[in-house]
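**Q** Produce the complete structure using the sequences and hints provided.
Here's the letter readout for the chains.
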Amino acid sequence: MSASPDVPGAVGVPAGAPAPGSAPASGRPGGHLVPDLLHPSARDPRIANTAAAATAATAPGPGPVRAAVRGAGARAGIFLLAALVLVASAAASVRIGTTDVPYGDVGRSVGFHLGLGTEALPPLVDSLIWELRVPRVLMAALVGAGLAVCGAALQAVTRNALADPYLLGISSGASTGAVTVVVLGVGAASLGVTGGAFVGALVSFALLMLLLRRGGLDSVRIVLTGVVVAQLFTALTSLVLMASGDAEMVRAITQWLLGSMAPARWDAVAVTAAVTAAGLLVLWLNSAALDAFSFGSDTASSLGVDVRVTRWVLLVVTSLMTSVAVASVGAIGFVGLIVPHGVRFLVGPGHRVLLPLSALVGAVFLVWTDALARVAFSPQEVPVGVFTALLGVPLFLLVLRRRGEL
Amino acid sequence: MRIIAEHLSWEVAGRAVVDDVSLDVAPGETVGLIGPNGSGKSSLLRCLAGLRTPAAGTVRYDGEPIRGWSARRVARRVAFVEQVADTDGDLRVVDVVGLGRTPFGDRWRGPGAHDRAVVDAALARLGLTALRDRAWKALSGGERQRAHIARALAQQPYAILLDEPTNHLDVKHQLELLALLAGTDQTVLVALHDLSLAARHCDRLLLLHGGRLVAAGPPKDVLTPELLAQVFEVDAETGPDALGHLAVSYRGPLTPRSPATDPSPPPSTTPSTNKDC
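Top to bottom, those sequences are chains W and V. Residues 1 to 406, numbered by full-length UniProt numbering, are exactly what the first sequence covers, in order. Residues 1 to 277, numbered by full-length UniProt numbering, are exactly what the second sequence covers, in order.
Don't read these hints as lab results, they were simulated from the structure. Careful, some of the hints might be misleading.
[Unchecked claim] Here chain W is said to cover these stretches of chain V; the calculated rule only asks that three of the stretch's residues, wherever they fall, bring their Cβ under 8 Å from a Cβ of chain W:
no., region
1, 70 to 77
2, 82 to 95
3, 109 to 118
4, 152 to 164
The beta carbon of each residue, even a glycine, is placed where N, CA and C say it ideally should be.
**A** Now the structure itself:
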């Protein structure tokens with residue numbers, strides 16, 4: 001405790017000072033000229049500022065302050081860099097495909113449709129770029145952002161580094177809901193595919209929580225339970241498919257279930273954009289609560305977090321974001337696992353920074369994975385979920401191993 | 001801040017864990033909560049910290065019943081330190097202590113300069129300044145406990161409730177921690193296992209047994225051989241130690257047979273401890 005050279009007694013007890021027998025009264029704020037910052041009376045900003053100034057004045061080096069500024073600057077730089085990389089990746093990805101189009105044409109088409117006064121392209125090329133490539137790339141960015149943020153939030157609320165909408169079975173539940181609507185036509189009028197996916201996602205998450213309600217939330221237990229839930233809903237999906245789908249439909253839906261950006265169109269992009277933006281905002285506004293969950297629900301509650309309401313909000317928001325993604329492009333796994341881990345490694349666990357940066361990095365990640373899916377075996381397209389799984393599984397094993405659970 | 005409990009009960013699966021407990025902790029008082037394992041110390045603390053809704057009875061802060069208060073409103077009054085609170089996250093010490101600012105945070109704006117100053121002061125108070133950027137996983141048990149207490153102080157609480165905070169601490173840090181707690185003018189309610197430590201640093205002790213409050217008062221009145229035998233099932237003697245502090249010495253556990261076979265049954269239980277405290 002004596003190792004605190006840069007802290008004079010300005011803010012109370014010099015750490016380690018109270019020798020046995022000595023009166024420990026020096027902690028009392030009344031005994032000091034400088035008010036005690038750790039006392040409720042210091043909540044008044046004026047008093048607090050005096051005390052803070054005193055602390056700063058007596059501290060020999062401005063180390064912590066400068067470190068904070070440097071940290072903030074570095075963070076802003078990382079954000080800017082990630083945003084630039086996203087724009088560049090999106091532009092490059094629009095170009096890539098079975099037929100490559102030059103950047104000039106991409107610029108002209110986008111400029112024309114945004115009313116920037118560029119000359120229109122020939123209809124065929126224009127429709128390829130504006131009706132197929134651009135919405136597809138935007139969809140990849142949105143879904144990547146949404147899944148990454150959902151992963152980060154679920155990891156915090158379950159206190160489990162391995163949580164991810166896919167691993168926990170939420171994506172499977174959403175698939176079951178969507179397939180039920182598409183194939184059986186149950187609730188097609190009232191719910192739509194997205195609504196069906198949302199109900200499926202909520203049901204699967206509720207089942208997961210029900211199965212986990214006893215015995216704590218250790219990570220292997222959560223993952224195993226998630227696998228069970230995922231298996232159940234995958235089986236239900238297959239059952240629905242086999243019971244009533246014709247061969248052509250089964251093939252198309254299987255392709256979609258593996259995750260593919262190919263069917264992305266502007267109307268789906270608009271819905272996904274609205275839900276992803278709103279969801280990200282709600283999750284970001286709960287950053288402090290997510291941080292507070294680090295030490296479990298009792299500590300979170302004692303820090304002023306309404307645990308029940310927060311859990312419920314997070315459950316609904318992540319389910320909604322996941323189900324919109326699944327309804328549009330199928331179940332894409334591991335994005336929510338890989339991305340938050342990488343970002344946490346860069347900027348630490350604070351969710352105020354982690355969530356938005358995960359969104360940017362997740363968007364970049366899926367834009368490139370989708371580009372890879374388009375060209376790797378061109379002209380045959382590989383479902384993007386296959387690639388995210390190929391990249392995600394080794395990382396999943398690495399995380400398990402690092403945590404000493406494998 | 002004054003903490004009052006009136007006929008407080010809390011039960012799990014029909015079993016009363018806290019059974020009709022009434023208590024009154026005065027502002028600035030340091031009160032020790034003692035009792036054997038399973039006597040309901042943790043549950044009582046959780047009820048008093050607003051983390052559990054009692055089945056019956058009322059908890060009052062400065063006279064106001066806290067039933068229906070938001071978690072945030074409670075957290076602006078009372079800080080709570082759990083017995084064991086661990087994380088898998090890659091938090092640094094400064095992040096953990098920073099959590100203490102949660103009840104004062106604004107959803108839109110992050111922590112500001114004032115929050116950082118409070119966190120620095122809390123780190124300094126617990127001697128953690130040199131460890132501020134140390135990873136949680138790299139801390140010893142004692143350092144983690146101190147980080148939690150710094151986090152609680154960063155809440156600028158009117159009262160601090162702690163569940164066996166000295167568990168992982170070595171002797172020096174136990175003494176420092178209790179001196180620090182007793183030295184604040186905030187209200188402190190602390191569950192402790194070490195009875196001599198409790199006697200030494202607490203103004204009053206509350207003795208729990210089977211969820212009921214069986215004794216309350218100055219340490220010398222609560223730590224009597226009769227009560228220790230009845231509640232802790234130990235054959236113990238209390239009296240001044242080498243330095244003159246009230247201390248508990250144990251002859252051994254009290255088994256159902258031993259009182260009869262013991263050659264020296266609790267001898268002359270005169271309250272010889274009165275000269276202390």
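**Q** Decide, hint by hint, whether the structure agrees.
**A** Do the hints match the structure? See the list:
Only residues whose C-beta sits within less than 8 Å of a C-beta in chain W count toward coverage, and the region 70 to 77 of chain V has 7 of them, enough to reach three; the restraint holds. Coverage of a stretch by a chain is defined here by at least three residues with a beta carbon nearer than 8 Å to that chain's beta carbons; for the region 82 to 95 of chain V and chain W the count is 10, and the condition holds. Counting residues of the region 109 to 118 of chain V whose CB lies closer than 8 Å to any CB of chain W gives 6, which reaches the minimum of 3, so the coverage claim holds. Here the region 152 to 164 of chain V counts 6 residues with a CB under 8 Å from a CB of chain W, which clears the bar of 3, and the coverage holds.
Checked against the numbered hints listed earlier, the structure breaks none of them; every hint is satisfied.
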